[in-house]
Structure formats: structure tokens, C-alpha cells
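Protein chains: 2
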Amino acid sequence: MKRVYDFEEGGKEMKALLGGKGAGLAEMTKLGLRVPPGFTITTQTCIEFFKAGGRFPDGLWEEVLEHLKRLEEKTGKRFGDPENPLLVSVRSGAPISMPGMMDTVLNLGMNDEVVEGLAKLTGDPRFAYDAYRRFITMFSDVVMHLDRHKFEEIFEEEKRREGVKEDPELSIEGLKRVVERQKRLYEELTGKPFPQDPYEQLRLAIAAVFNSWNNPRAVKYREIEGIPDDMGTACNIQMMVFGNMGWDSGSGVMFTRNPSNGEKGLYGEVLFNAQGEDVVAGIRTPLSIEDLKEVKPELYRELEEVAEKLERHYRDMQDVEFTIERGTLYILQTRTGKRTARAAIKIAVDMVREGLITEKEAIMRVDPKQVELLLHKTVDPEAEKTVIAKGLPASPGAAVGRVVFDPKEAEDWRAKGERVILVRPETTPEDIGGMVASEGILTSRGGMTSHAAIVARGIGKPAVVGCEAIDIDLEREFFRAGDVVVKKGEIITIDGLTGEVILGEVPLVEPKIGGELETLLSWADKYRRLGVWANANDERDALKARENGAEGIGLARTERMFLGVERVALVRQMIMADTPEERRRVLEKLLPMQKEDFKRILKVMDGLPVQIRLLDPPLHEFMPSESEILARIYELEKGGAPPERLEEERRLLEKVRKISEANPMIGLRACRLGILYPEIYEMQARAIFEAASELKMEGYDPRPEIMIPLTMTHRELEYIKPIIEKANREVAEKYGFRIPYRYGTMIEIPRAALTLDKIARVVDFVSFGTNDLTQTTMGLSRDDAQGTFLPVYLDKGILDEDPFYTLDIEGVGQLLRIGVEKGRKANPRLKIGICGEHGGEPKSIYFLHSIGLDYVSCSPYRIPVARLAAARAALEEEMEKKD
Amino acid sequence: MKRVYDFEEGGKEMKALLGGKGAGLAEMTKLGLRVPPGFTITTQTCIEFFKAGGRFPDGLWEEVLEHLKRLEEKTGKRFGDPENPLLVSVRSGAPISMPGMMDTVLNLGMNDEVVEGLAKLTGDPRFAYDAYRRFITMFSDVVMHLDRHKFEEIFEEEKRREGVKEDPELSIEGLKRVVERQKRLYEELTGKPFPQDPYEQLRLAIAAVFNSWNNPRAVKYREIEGIPDDMGTACNIQMMVFGNMGWDSGSGVMFTRNPSNGEKGLYGEVLFNAQGEDVVAGIRTPLSIEDLKEVKPELYRELEEVAEKLERHYRDMQDVEFTIERGTLYILQTRTGKRTARAAIKIAVDMVREGLITEKEAIMRVDPKQVELLLHKTVDPEAEKTVIAKGLPASPGAAVGRVVFDPKEAEDWRAKGERVILVRPETTPEDIGGMVASEGILTSRGGMTSHAAIVARGIGKPAVVGCEAIDIDLEREFFRAGDVVVKKGEIITIDGLTGEVILGEVPLVEPKIGGELETLLSWADKYRRLGVWANANDERDALKARENGAEGIGLARTERMFLGVERVALVRQMIMADTPEERRRVLEKLLPMQKEDFKRILKVMDGLPVQIRLLDPPLHEFMPSESEILARIYELEKGGAPPERLEEERRLLEKVRKISEANPMIGLRACRLGILYPEIYEMQARAIFEAASELKMEGYDPRPEIMIPLTMTHRELEYIKPIIEKANREVAEKYGFRIPYRYGTMIEIPRAALTLDKIARVVDFVSFGTNDLTQTTMGLSRDDAQGTFLPVYLDKGILDEDPFYTLDIEGVGQLLRIGVEKGRKANPRLKIGICGEHGGEPKSIYFLHSIGLDYVSCSPYRIPVARLAAARAALEEEMEKKD
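Protein chains in written order, with the numbering used here: chain A, 1 to 883; chain B, 1 to 883.
You may find that some hints are simply not true.
Identical copies look the same in the list; a pair holds intra-copy or inter-copy alike.
[Unchecked claim] Capping the alpha-carbon separation at 30 angstroms, the derived lysine-lysine pairs in DSS-like fashion look like this:
#1 K758 - K822
#2 K796 - K369
#3 K881 - K822
#4 K825 - K758
#5 K150 - K165
#6 K721 - K589
#7 K544 - K734
#8 K843 - K822
#9 K638 - K655
#10 K544 - K843
#11 K726 - K220
#12 K638 - K658
#13 K589 - K881
#14 K758 - K220
#15 K726 - K796
#16 K390 - K658
#17 K544 - K377
#18 K796 - K825
#19 K12 - K264
#20 K721 - K220
#21 K12 - K296
No wet-lab data here; the hints were simulated from the structure.
Nothing here was measured: the structure is a model prediction, and the numbers come from that model.
So here's chain A without its partners, still in its complex pose:
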């Protein structure tokens, strides 16, 4: 069996035998790139080595020597020859990457004679002795397992003796003394002199590389990662090249395209008469590759050829390390280049146009999260800025505006044309108007899924939340961040991408969604199976949704339409009503308002489905709090208010107490209200059908769908359906034609998911409300968990991710899977969607695709992300099927 392969003999498909590194070097060699030549001892040999009790199997050494001879022939250098010495590196390389586990010995082949020869050859004795010093240290450590610190300490001592600080300052004499002392130390510790025979060095190094497979660190790593112990490691022996052999030598890195903006053309830098590490250290300023065009046009052309060859072969932008030794270009390594979001998109689209990759591949090259970053303004990276605090980056984008502390005031200022940033300890549902009116939101409390964070992401406003470094004084209207005091009206900038709060105005960079993103998304639309819809509560949201490519509205919340001063007053009247008749009278007044809201949305979404969710929250959300009223009563008592006034407040207090609940999230709300007070849903259904009828008469094509929230049993849906049907018939009588509609429900309760077979027989569609479903399935009140134990759970690793951000696939996902299976079986025409926060989160989208949902519905701002993620999910599935 062949145990040793020259690089020319291998290839990337031989990873199991040659290890990752060996296969990569072989691939580049085969590609015709000038790679420093060498050979690889197979992983199988490593296993043989262990089986033989840690000894070279018969014939191995002879085979190594044979390949070494060929290496000498190829390079024209000779192992141990001071005139023209061949130095090699010896490295391990397993089939599966084990970063940090690899043992490496550089400059092997060095000895007392070779070092002299090398000094002469390079004209740089410092370089030669430094290389020798490093070799002794590495060899003693890696091969002989001696204490590395003792060898390094000698070097430090010599530096101290000469009174120098930096390594290169040590004199040549000093370096020579280091080498001598290190050799003596070696002899003291091992009882043998430092091996001068390069062959002995090599033999020991190969054995050490093999043995490193079983060092405790590597064993532990394999155990954790589940890598089999009997894979073994390969051992690569490769000629050393030096970029510091004079001014016709050098080292550099290059990207085959601009990693920042994706433009085509080489990008990178080179440093002459220097080693790779010198480029990184930044001792001298390197040349940009661009400049090579004039300075060394031939080298530039050679690099261009390499770049083209690599891109054509690897079909992606490459990040290449190279060394020029005495005018000869060597390629040391190539790998896929990291890039910015913008570059990723441009490169992917360009490469399709260049015929390098397919549309599908282009889609797989762009991470949806990168797309999300592109859709927002960012702080100009060049700008100066004074960061005064840092919070959680809750909603991406940057915003500049005057600080206001009151949501109402934010609306007023906005009306006057002022841009504002709303600063609050935390936000509540009542603040929604002020949040919409602001450029961005800054809170001192709450987490990534606090009210402020969720709403901000939903309405596409930048937000920094939980910024505990600021101290807000709402009464005196300022906040303090360390020594800095920011008063109402002063300008700040917030960066929702980094969480930074910056004093004053910083220039922002507008999001530039080049044509490339649109092109990429149009390809994504071709391949995705999941529909992408939007959650939109009003006309503005709906417009944004259409603009971003939504195919429908998956959640239009009707209760948000009950907000606003006039409407809240009516809703409170309705709640205070003692009889259905009284309630109906108030509802009659709300009807035209709701109708107007529905008309606006349905008009924008002309021809597309709009799923309108009937009233969902518990009634007390529309009422003042108990302690608020109590405080008012005590004030009125103190002030000697008229008894009628007091009586009124007392009545209110009584009502609020009566409807107060222990656990409102799972109390009297949603369809439970609709069943207890059927007149509410009746009014809403009428408003929907009347809105649709009037639009139809205007020539539009409205497609309303009615969605019942918080279903627990299919019988609730059976109970409500006739109420909707009746409204539909009555409106049909009024207008002379009937509005077709679809009837559906949200699945937000585990029981509903578990009995989706029964539900599916009553409805046309279901939509998983994964926000509430996460709360019920995990027994986790979002509001209560957020500020208390959820951060602790994430910190201690009890939860891997915030389940309100990324779907809890193990738990909630299991219910979704059960539900989809049962629902489809019972009603094959059932449409199944999701309208929780997770509908716009890529990782969740993958899962939702895999269980066969029809569509996801998310914030209008996340639609591009969802379109791309959905396409990638479909393509990955396609690839898996092929495998």
C-alpha cells in the first residue's frame, strides 16, 4: 500500500487519506499553481504507526526518503547542504479540521552548518540565526515535549543583558549566544546533544506529528466534536520558502475581488523583503496590490492569472496568501474570502452574470442576516464620534434626532417637522404613537425582546434598549450617562447595529440596495416554496409590505385600530356597558371607524389576501390601572371633589377590579371575548364586509380573510362561524352582492396544535401565532421572564437562544410539526402559515419550510430577509434530497 503522496499525486477528493491540508495543497498543485513542493504521509500510515506500538511501519522510512529525494530534485536544493539548503516544514493535517490541535515544526533541516550557509546566502545572519533559534525552540517543544518557556527565557535573558526591548534589536552576537545556550539546555534536559542530522530531525518530527493525534487536548476535542479516534492524522512535509531573501522577495495577501464593495479586481497588499508575519506586524507600510500594476507589472499580471484560475476553479472570491522568493511567486494558501454584506450580494450576482455560478448558488452565497443589515441606515464608519453609552442593539439602523422623554411630545414635535429620539425607561403599548413618530428609540431597561425592541423591529425603527448606563430623570427631562448630561431637545445619534449612544449628530450612510439585491431576490422568488406575507396593521405598513414584495397580509391586528383618544373613550364605554344593547350602541359608533381602517388596508392590498384578526387583547388593556384610579380617588378626596365625580371614579375602580385578572395572557381575551360578547365580533365582521363591498363597487378586488385568535377547541370556531356568516349575509343584502371570504384561526395554544385535525375541518386556513404559542408551550410569560430569569437562563446556557427571537424547535417546533401533520391529513386544502416574530427570522424560516408551511408572515421590513431565507431553505432541501 502506498503510504506517501507527492502533492502532484493528490487532490481535494482525497481528504480522508491526505487530510484537509494535504488535499488542499495537492489541489492547488494540480491546478498548476506554483505551490512550494512537498509530499504527504497518509492518515492510514498514522494508524499503522499506532498499531505498531508507536514505531514506523516497515518500509515507511524508505518511502519517505524516496519522496525527499524527488523533492530535492524538484527544488534544486539539498537537505542538509549548507551551499543551497532545503529547509522543510512538518505539519499535521487531519481529515476534519481540528484548529489549535495541529503540531507544526518549521525550518527543519537547520543545523550549525546550514545556518552559516543560510546567512551567507541571504546576506542576513540575523535572519538565519533567528530561524535557527526558533527551530530549536519549536523542535524542543513540539517534538521533544521539553518546557518551551525555558528556551524562550534564554532569549529574554540575552535581551535583558543587552538592555533591548524588541526582538529585532538583539545583536547578531546575542542571537548566536541564544542558539548556543539553547543547544546546551537541550543537552542538559535530554542527555543528548541537539540533533545535527536533518534526517534524524525529520524522523523524530514525523513521529511527533503522529503522536500529537493522541495528545489529551486532541482526544478531548474529538470527544466533544464526535470525531472518530481511528481517523488518524496525515503528515505534510513541504519546502520552506522565504520572502525575506532580498528585495526580489516578498510576502503578501490578496482578495480576488474587493471584499468591501464586491467590485471586480485584485485587492490586497504586498511587502518586499519580508516574511508573512512582518506584513501582519506592520513594521513597514506595504504596497497595495493596485500599485503593483506600475511598480511590478509582471508580478501583477501573474497574480491576476492566479486569481482568475482560482476563481474559475473554486467558483468563489478567494483570500490568497503568497510569497515571492527571489522573484518566484509561490502560492501558500487559498480560501474563500470573507466579505461585507454588500460585497456578498454584488459578487454573487456578478458571478452568475460571468457564468461562474448558477442562480441557486448565488442565493446560497448570501446570508439572509447580511441582507437585513443592508436595509437600514448606518453610522458613517469614517465619522468621528463620542460614544457616551452602550446598550443592546435591539433593532438595526442608525438614527439622529432631538431627545424627548414623552411619547405625546414626540408626536407633537414630529408634527412640527422635528426629528426626535424617544428616550424612556421602557415602553408600553400606549407609547406606540410616539414610537412611530420618532426616528429611533432608546430605553434604559428591557432586553432584546422587550416591548420596545419588538415594536421597533416591527415598525422598522432603530432601537437601543436595556442601556443601563444611562440614568433617566423623566420629571426633570434629562438623562445622565457617566458625566455627560443630555437634556430634552439636545441631539443624539443611536446605532441599533452596535448599541452605541453617541453625542450629537453623526453623518449616516443611506442604505443602498443596489440593483443586485433586487436581482438576487427575484431569483430567490423563483426557487422558494414558502410564501412571504407581511404583518401590517395600517395603510403605511401595507404600502411598505407591497413595496418589499409581500404576497399578502398574514396578520392585521384590529385592536391597534381601537387606540387613539376618541376610540379608546368609546372602547371604555363599551366595557362599562351593562347590557348587550348598550354595548351594541357603542359598537355602532366604532363600526364606521373600523370600516374606514379596513378599506384603507384592503385598497392597498388590492387583489391580495388580507388576514384580519378579530379583537385579541383582554379588555383591561384599554382601561387605566387600579393604582392609577386609586391615586386619583385619594387626590379627589383630599381636594374635596364633588361626590358625583368621586362616585364615577369608584364605579370605574369597581369595574377595573372586576375585570382584572390573575393571568390575563391566558384569561378572558380573544375569541373568548368574542363568544361572551358576540356583538363585538359581529360588528368587526360587518365592518370588514362593508369595507370590502364598498371597495368592490369602486372597482377594486378586496380579499378579506377572517382570523379568530386564541382558539382552544374547534368548537369555538364552530360557534363563531355562524356569527360571521350572518354578518356576511346581512351585508350582502345591503349591497346586493356577497363578499367571498376565507375563515381561519391562529394557533397559539398547545391544545389547538394538538387537535389541529379537528380544527382543520372547520376552517380554510390556520396561522401559527408563535409569540403566544411560545409563551404557552414553554409556560413562559414574556413580560415576566424578560427582565428576570430569561437573561440568567441564557447566560447559564439553560437556554441556548431567546425563544421569542429564534423559534424553540425542540419544544414549540414539535407542536408545529404535529399540528401541520394532523391538519393536512384532515383537510388537504388547508392553508398553513405563521405570523409570529419568528416568521422573519432565517433559522426559524428554515424549520418552517422543512415542516411544509405555506407561508410566513413577518414585519414588512424583514420581507427581503424572509424571501431569501425561504429560497435557501428550498435549495438546501433540494441538495439534501440529491445526497
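Let chain A serve as the given structure and place chain B on it in line with the hints.
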């Protein structure tokens, strides 16, 4: 094919062909009982009849005539013969009972001549003409579908004409006039004279019975009950017998044993010279069967023989209808007799002893719900009582005591030896002391699963809840029920079985669990697979649990041990603590108290497992409410209290606000608290192990098991385990030996059930907490649903049953099934139990048995119920397997 069967030819196994009634009559005939002879036309013939378009199939009539002839021979009477007429009944009888759907014609064979003959034969012309009148009415209605009211109206007119009120008062002449007029009416309506030919009557009646199978009422009934339309009905023709043919005739009913107490011996009554309906009408006082012993010893002996024969044959106590016609005893019907709970048990056990049935059959004869009724005091059914209001019968048993309105006062009065009834609008966890001290609880609000109801059932106290008819004035300490005012200290009686509230003291009957129940339960223990454990929080509960046969404690709630004035104060200190050290200092003071509690329980349960649940409720349950503190602050302000005092209250207010939660049920509680404040669980674990250690030194065998509440992910259990282990080790060091224990958790969150495979690898046992699991799985806050939409849901049939009382098998049950399956697969040695309310509910127990739980844990008072239900579940399963 044979279409007609004499009763002698059939049997109970021929129900499909002969119908239920026909098969029953045949069975009794075969048994050698004297049943009025007759024959049955098969259900198949009915189907043939329809196929032939509603006509008699060829040969049927001849076959009927043949059997009629045999009937004449058997009875010695002749059809249509005035000398000795054979009258028959013609009745339908389907294979599946369809009560109220059956058409029946009695006295068929009557005509103008026969009526005269019958008058002569009985010497009672009134009886004869009355029978004729009834026959014409029935025939016209059932066979000819004429308007029955018109026929009855004639009778009423004649009564009016003679100025009499009661039917029997009408003169014979009057009756004759009725018959004449009815026959005329018949002719007017049908155009034909009333048929005088008995054979024509019979033919028409048979056809009518067949046709009744397809009357709309019957069709609808079959549709609802899912009975196939092509079964058809049989038609039974049977000789009429008359108990009113003189003083050697009579009618009666008897039970083969006493249905009230189960004693062996005939029980019932007989009325001579009377028909069955006369016994029911109660015109004369019947004789008790007992009295027959002396009056008619032969008849008594004959009845005894019948009873013995029937019991031996049917192997159960029978309820028998009989008629004596001229000294001859006829058995008309026998069926299994209804009986009281006590009788059911005694009869079942006696019958095993008599060798009539097996132990297993005895178990299947007693409904667990009957057993429950036996375990409580009841109101003496003979006693006079003044019921002043009625509420929901929330917890069985009756109680007498003085009314108190304050739980604290209840404790004080109890201490003075006074028996009290606690009367409250509703109860809260703080009232527990007062509830325990009371004989019974009466509330004006709340449902069957309100706090008062659940706690009362748990501690075995009678309770009437939701008694809205009473108006409680807590301040002035009285309640009003209609006109009646009951003040503090006055005596009332409440009946938790009927919901009655009774003025004054009514004598109660002590529960008498005869030896029979113990015997029955000992048999149940032999056959059940489910273990039966108890939920017990203190020594008293534990004693009751052992007494009732508990095999362990499945839920010992530790937080109840934090109640009581001194401890609550400490718990509040702990909550107010700002640092873990401060918290630990307070916990140190709580430790000896908890240890003492644990010692008491473990001592009582010596040798049996005790599952102790660590702290479960949210902290604010130990704190005063926000509005309570607010009110106090305003009072203090008004009264000009010292600023330190105000400051203290403000600090408390701040803390209460800080820990207040939107949805505490799914907020920061249970193991989430244990993870946030590990020192709490640490203290509890130490208290448990120290208690066990000290008991062990005293020679006991304590078996503590530690149960973590509200697990959401297995990682919580992994996180807490080392805390418990450490306490275990430390206590072991202190005492010099280690207490073995088991580690487990409650499953109360859907996610935990769905991931029970992972949880099973961390624990030794899990216990489904189906109270909370119902709340989370159904998204149903018990506290909030109870008084609002749950009653509406039950009323409208949206839910069939209160899911907090009977397990929601469709939803919650599905999770249990998934959980058990996953848990067992991952850890075959996992013990699985349940400790929710459902653990003592028979219907739920059946399900829990079927999915393979190891044990149920319930209130100590329901243990006998659970033992029996568990045995029945096992036996039913055994029978199903045989089928």
C-alpha cells in the same frame, strides 16, 4: 327462513334477530319462569316488509297464524272467543333500546262480543268497557294514526256530562256511551267501521309496529345515536294478563335484595285486585312483600324461588315486575335493580361470598363515584329541614356549625372547642388556616374548581360554593338569604352533596364504611396495576393517607409550611433581602422549622416514599397587595404618621411593584426561583436530609424524594441537581452517613412533556402536575376562566366537561401520552406518576392507567375511590384484551 319464534324458541343471545324485548322474554321463558306466553316476529321480517314496499312477505301471515294457534293451545283461551277470550299485546322491540320510540297496542282481540264476555268473566263490566275504550283509543292512534285527542275528548265530555272528575267515577253506562261514540268517530274519520275481526286488528297492528321503525322521531333518534337504519324492529305478540280479575289477582314489584342497604331478602310491594299502573298511582296502600310471608306464605315462597332463580341466572340483584291472575303468578319483566352506594357494595361482596360472582365482577359492580359518597357524613334523610339557599355541591359531606366570617376567628373558635362553618364571598390561600379549623365552607362566589372548592376537597371538608342566593355583609357580620338573616354565631347546616344551606342544626348520619368496603378495596388492590399515593402537606394529611391505604406521598407542598404568622414574616424578610447573604441568614432561621415539618411527615410515612416538592409559588403570594399598601400609605399620610413608618411602607410598595407580574402563573416561580436564588432550594434540601438523618438515628426508615416544580427544559434539572447533591454530601458529613434519595420533577409545561426523553435521562421520577399542565396546554388561567367564560363554555357545549375536574384527554391527555412514551423509551426505569386533582377522578384514572402510569397521587380522602377506579381500569383492559 323462519320468521316467527315462540318465546320458548329464543334466548338472550338472539337479540339481533328478536330484539331486546323479545330476547328477554324468551330468556325468562327458557329459565322456566312463568311468563305470559307469546311469540316474536323477527327484525329480518321487518326489513323484508320494507323491501316488499310495506306489504307482508309471502307466507308470513300463515306463519303468524300457526304460532297464534299454538298460543291458544298453550293458554286454553281463544282469539275472539267471548267465552274465554285471548287478548294480546303487540309491541315493537329493536335490537338496541330506543326508549319512547316503541309503539304498543294493548288488549288487542277486543270487540263488541268479547267485551261482553269479559264483563261476565270478571264480573266487572267497568273493567271490560274501560279496556275496550282504551283499546279503541290506542288502536286509532298507533295503528291508524288518527288524532288521539279527539278520542280522549269523547271520554272527557262524558265525564263532564255526568259531572265527575276522576276516571273511575264514570258510570258503566257512560263508559258504554264512550265506546259507541268512539267507534262512530273512527268510522267518520276512516270511512270504515271499527274492525271487529281480531285477525284484521292483529294484521294491521303488526304492520303498524313495523312502520313505526321509520317514523320521523325514530329516524332522528337513530341518526343521533348512530344506530344503523337497516336493523329493523321485531314485533312481540303476547297474551295479556290481568291483576284486577278479583282478590286472587294482583300486581307487584320486587327487588331480590334490599336496594337501600343491600341486605339479603325480598323487598317490594304488591296490590291485590289491581293492575300494575294502580300500584304506581297509589290508590290503595299496597302490602309489603315482607307481609306476604304471613298473609300468603305460598305466594311468598313462589316469589322467593323466582328471585333465587333470577339471581342465579343473571348473577345480580333484580328488579322484577309480576302479575297474579286468578292465583297464577306471571313474571312480566326483570332487570338489574338500581341501588344505593351502600347496597351496591354489600351486594357485590355478599355475592362473591355466595359464589355467585367473582371478585373481579364485584369490583366492576361498584362505581367509584358511589364509594366517594360513602366516605362522608350525610344529612339524615328522615330529618325535617329548612333550606334557605342552594349553591354548588363542591365537596361532599354535610357539616353543622356556628357561622363565622373571618378565617382567623374560625381558628380561635375552634381552639375554644366550637364547631364553625366559614362563610366567605370566596377564599384565598391565606384563609387555609381558617378552612382547616372549620367543619365546612360556604361561599357566595366561585365554581366547582374555585379555590374554596379545590381546597375543601383536598382537606376533605364539606363545601357549598357559588351560593349566589346569599348576600354576605362582612363588615356587619351577617348574611341574608331571601328574608332570612343569619348572624355570626348562629348555627347552620350545609350539605355538600346537594348544595343545600339549612337553617339550624340537622341530625347527620355518620359514614359507615362497613367491612364490605374494606373487603372490596382489598380485592381491588389485588387487581390494580396503578399505585395509589396521596397528596399530603402535613402530619394530619399523612396519617389520613396511611389510614386510607396510600402507598406513598406523591406531593408534599413545602410552601404551605411557610404560612403562619411567624413564618410569613420571615419569608417577607427573605424577599426584601438585597443580597444572597442576607437571604441566607433568614433562610437559616426557616431551616429548623422546615426540618421539623419534614420529620413529622417522614415519620408517619416510615418506610414509604415521600415526594417533597421544593418551593413553587411566585414570591408575591407571600406579600400584601399593592392596593393594600397604597391604602395604608394614604391612611398613614392622613393620620400624620412618622416619616420612618411611611418610608417603610414605601419600600414595601416598591418591592411589591418590582416583583409584581403580568402573568405570575407562567412567570418567576418554582424552579426558576430556585435557579435565581439557589440558596432557597439549598436550604430546603438540607432541611429534608437533616430531617431524614435524625429519623434514621431514631430507628425509622425515611424515604425522601425531591421533586422540582415547573421544569421547562432538562437543563434546569441538570443545573439544580448539584445543589441538591451538595446538600446531601454536607448533611452526610455532619451525621456520618448518607441519606439515599430520588430526584425528580413535575411535568406542568407542554414543553416538558414534549421533551420528556431528555428529562428522563436526568431524573429518577416525573410526576404530571395536571392542574398547571391543563392551564398551560389549554392556555386557560383557572382563576380567570372560572368566574367568566368557563361556565358559558360548559353551558354552550364548547367544552363537555370542566377540564380542571376531569382530565382533558383529547388535548392534555395527548401530551401525557407523548411524554410517557418518550420518557419510558429514554429511561426504562423512570417512575411516572400524576399529582394533579385528576389523580382521584375515576374517568381520568381510567385514562392514566391506559397510558401506563406507575401511580396516581390524590387527596387522602379520595384514596378509596382511586383504589377502586384503578382496579376497574385494569380489569376493563383485561376484558378488552380478551375480546
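Going through the hints against the structure:
Both within a single protomer and between protomers do K758 and K822 lie at most 30 angstroms apart by alpha-carbon distance, with minima of 9 angstroms and 25 angstroms respectively. Proximity of K796 to K369 under the C-alpha cut-off of 30 angstroms is restricted to the intra-copy arrangement: shortest distance 26 angstroms within a copy versus 49 angstroms between copies. Taking the closest pair of Cα atoms, K881 and K822 come within 30 angstroms of each other both inside a single copy (24 angstroms) and across two copies (28 angstroms). When the C-alpha separation of K825 and K758 is checked against a cutoff of 30 angstroms, the pair qualifies both within a copy, at 10 angstroms, and between copies, at 29 angstroms.
Only within a single protomer do K150 and K165 lie at most 30 angstroms apart by alpha-carbon distance; the minimum there is 19 angstroms, versus 128 angstroms between protomers. For the homomeric pair K721 and K589, the shortest alpha-carbon distance inside one copy (24 angstroms) is at most 30 angstroms, but the shortest distance between copies (59 angstroms) is not. Proximity of K544 to K734 under the C-alpha cut-off of 30 angstroms is found in neither arrangement, the shortest distances being 33 angstroms within a copy and 69 angstroms between copies. Taking the shortest Cα distances, K843 and K822 sit within 30 angstroms of each other both inside one copy (24 angstroms) and across copies (26 angstroms).
In this assembly of identical chains, K638 and K655 lie within 30 angstroms of each other by CA distance both inside one copy and across copies; the values are 23 angstroms within and 26 angstroms between. Taking the shortest alpha-carbon separations for K544 and K843, only the intra-copy value of 24 angstroms comes in at or below 30 angstroms, while the best inter-copy value is 54 angstroms. When the C-alpha separation of K726 and K220 is checked against a cutoff of 30 angstroms, the pair qualifies only between copies, where the shortest distance is 27 angstroms, while the shortest distance within a copy is 69 angstroms. In this assembly of identical chains, K638 and K658 lie within 30 angstroms of each other by CA distance both inside one copy and across copies; the values are 26 angstroms within and 28 angstroms between.
Taking identical chains as interchangeable, the C-alpha atoms of K589 and K881 are never at most 30 angstroms apart, the minima being 57 angstroms within one chain and 64 angstroms between chains. Proximity of K758 to K220 under the C-alpha cut-off of 30 angstroms is restricted to the inter-copy arrangement: shortest distance 24 angstroms between copies versus 51 angstroms within a copy. In this homomeric assembly, K726 and K796 come within 30 angstroms of each other (Cα to Cα) only across copies, at 19 angstroms, whereas the closest approach inside a single copy is 54 angstroms. In this homomeric assembly, K390 and K658 come within 30 angstroms of each other (Cα to Cα) only across copies, at 24 angstroms, whereas the closest approach inside a single copy is 43 angstroms.
In the homo-oligomer, the alpha carbons of K544 and K377 lie at most 30 angstroms apart inside one protomer (16 angstroms), although the nearest pairing across protomers, at 71 angstroms, exceeds that limit. Proximity of K796 to K825 under the C-alpha cut-off of 30 angstroms is restricted to the inter-copy arrangement: shortest distance 29 angstroms between copies versus 41 angstroms within a copy. In this assembly of identical chains, K12 and K264 lie within 30 angstroms of each other by CA distance solely inside one copy; the values are 27 angstroms within and 94 angstroms between copies. In this assembly of identical chains, K721 and K220 lie within 30 angstroms of each other by CA distance solely across copies; the values are 25 angstroms between and 61 angstroms within a copy.
In the homo-oligomer, the alpha carbons of K12 and K296 never lie at most 30 angstroms apart, since the shortest distance is 32 angstroms inside one protomer and 111 angstroms across protomers.
In this structure, the earlier hints numbered 7, 13, 21 are contradicted, and the remaining ones agree with it.
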